[in-house]
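Asker: Here's the letter readout for the chains.
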Amino acid sequence: GGHTTEILRLLSCLSESYSPRHYIFADSDKMSEAKIRSFEQKRAETFPNSQFTLHRIPRSREVRQSWTSSVVTTLYSLLHSLPLTNKLKPDLILCNGPGTCIPICISALLLGLLGIKRSIIVYVESICRVETLSLSGKILYYFSDYFIVQWPDLKEKYPKSVYLGRIV
Amino acid sequence: FRFKDSLAEDLQSADLVISHAGAGSCLETLEKGKPLIVVINDKLMNNHQLELAKQLHKDGYVLCCNCSTLVETLQLMDLSTLKPFPPGQPENFALFLDKIVGFQ
Numbered sequence: 001g002g003h004t005t006e007i008l009r010l011l012s013c014l015s016e017s018y019s020p021r022h023y024i025f026a027d028s029d030k031m032s033e034a035k036i037r038s039f040e041q042k043r044a045e046t047f048p049n050s051q052f053t054l055h056r057i058p059r060s061r062e063v064r065q066s067w068t069s070s071v072v073t074t075l076y077s078l079l080h081s082l083p084l085t086n087k088l089k090p091d092l093i094l095c096n097g098p099g100t101c102i103p104i105c106i107s108a109l110l111l112g113l114l115g116i117k118r119s120i121i122v123y124v125e126s127i128c129r130v131e132t133l134s135l136s137g138k139i140l141y142y143f144s145d146y147f148i149v150q151w152p153d154l155k156e157k158y159p160k161s162v163y164l165g166r167i168v
Numbered sequence: 169f170r171f172k173d174s175l176a177e178d179l180q181s182a183d184l185v186i187s188h189a190g191a192g193s194c195l196e197t198l199e200k201g202k203p204l205i206v207v208i209n210d211k212l213m214n215n216h217q218l219e220l221a222k223q224l225h226k227d228g229y230v231l232c233c234n235c236s237t238l239v240e241t242l243q244l245m246d247l248s249t250l251k252p253f254p255p256g257q258p259e260n261f262a263l264f265l266d267k268i269v270g271f272q
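Protein chains in written order, with our numbering: chain A, 1 to 168; chain B, 169 to 272.
One should not assume that every hint holds.
What the hints assert, rightly or not - Here are some of the chain B residues that sit facing chain A, going by a computed Cβ distance under 8 Å:
1) 191
2) 192
3) 216
4) 217
5) 219
6) 223
7) 256
8) 258
9) 259
10) 260
11) 261
12) 262
13) 264
14) 265
15) 271
Said to hold, decoys possible - Straight line, CA to CA, 25 Å or less: simulated PhoX-like cross-link-like pairs of lysine-lysine:
16) 155(A) x 267(B)
17) 222(B) x 200(B)
18) 200(B) x 35(A)
19) 138(A) x 155(A)
20) 157(A) x 226(B)
21) 138(A) x 157(A)
22) 251(B) x 202(B)
23) 35(A) x 202(B)
24) 251(B) x 226(B)
25) 226(B) x 211(B)
26) 251(B) x 200(B)
27) 211(B) x 222(B)
28) 222(B) x 155(A)
29) 117(A) x 89(A)
30) 200(B) x 42(A)
31) 222(B) x 138(A)
32) 160(A) x 138(A)
33) 226(B) x 202(B)
34) 226(B) x 200(B)
35) 30(A) x 42(A)
36) 226(B) x 155(A)
37) 222(B) x 157(A)
38) 222(B) x 202(B)
39) 267(B) x 117(A)
40) 160(A) x 267(B)
Calculated directly from the structure, the hints in this document are not laboratory data.
Here the structure is a predicted model, which means the values were calculated and not measured.
For every residue, glycine included, the Cβ atom is placed at its ideal position computed from N, Cα and C.
Please model the entire structure based on the sequences and the hints provided.
Answerer: As C-alpha cells, then:
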C-alpha cells in the first residue's frame, strides 16, 4: 500500500514521454490495482492517449520472511519476472522498495548482460527510510543506475546515492 | 473500519488525529494540515517505522508518545507548537529523471 502510493506520487509530474507505463506488483496484493487504475484514469483526463498495463508476479518475500526461504521464493518470482521483463523490454525501470522489484531488476540486469536489452534502473528509497535502507535498497544500491534517497542522513551514509529532498 | 479504501473524508473532518507510526497515515494526515499524535508500538522489534516518526517529531511536525503515555499526552498537549508540514516535491524527481533519460 505505502509503496504504491509513493510510486504514484513519483509518477505524478512525469511528462507523457514516459509511456506506455507497465505496472508490476505482487499477486497477493489486493489494493494496488484500484489505486493504479484511479491514478491512470485521472491522468487520462489530461493525456487522453495514455497507455498502461498491469502485471502480477508471485510475491518474492513476505515481511520478515527468513533469509533462506526468501531466496527460494525470489527464485520462483524470477521464473515469472524474466519472461515478463524480456517481453516488455523496458527502457526505464522505476522501483521503490517492495520485494517485488528485486526479481524484475535481476531480470533486467541479466537481459543487459546477455546483450538483449539494457534498461536504466532508478531506485527511489521510501520516505520512511530516514536512517537505514530497506533490504531492497541495500541490494539495489549496488545494482541500480541511480539510487535516490529522501533524507540527508542516508546521503551521508551512502555517498553514491542522489539526494533530491522529499519527492513524494 | 477494517479496510476502508480511503480515510480522506474522515481526515478532512477531524480536528486531531492519533495514529500509529505508519508512513502513509502520518504523511496523509500531515498533508491535510491536521495535528497528529503518533503512538509508537514499542513491542515491534527493529521497527523501522520509528525512523520516520522520530524525524517528524524532531522536526516539530508531530507529537509522539507510546500506548501508556497517550492519556498524559492528550491532557498536556499544546498543538500550537506543531509546525506546518511542507509538501514533497515530485516535480524535482521529474526534472531529475528527464535529465538522466535525455528528455530535455
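Asker: I'd like to know which numbered hints this structure contradicts. Please list them from smallest to largest.
Answerer: none
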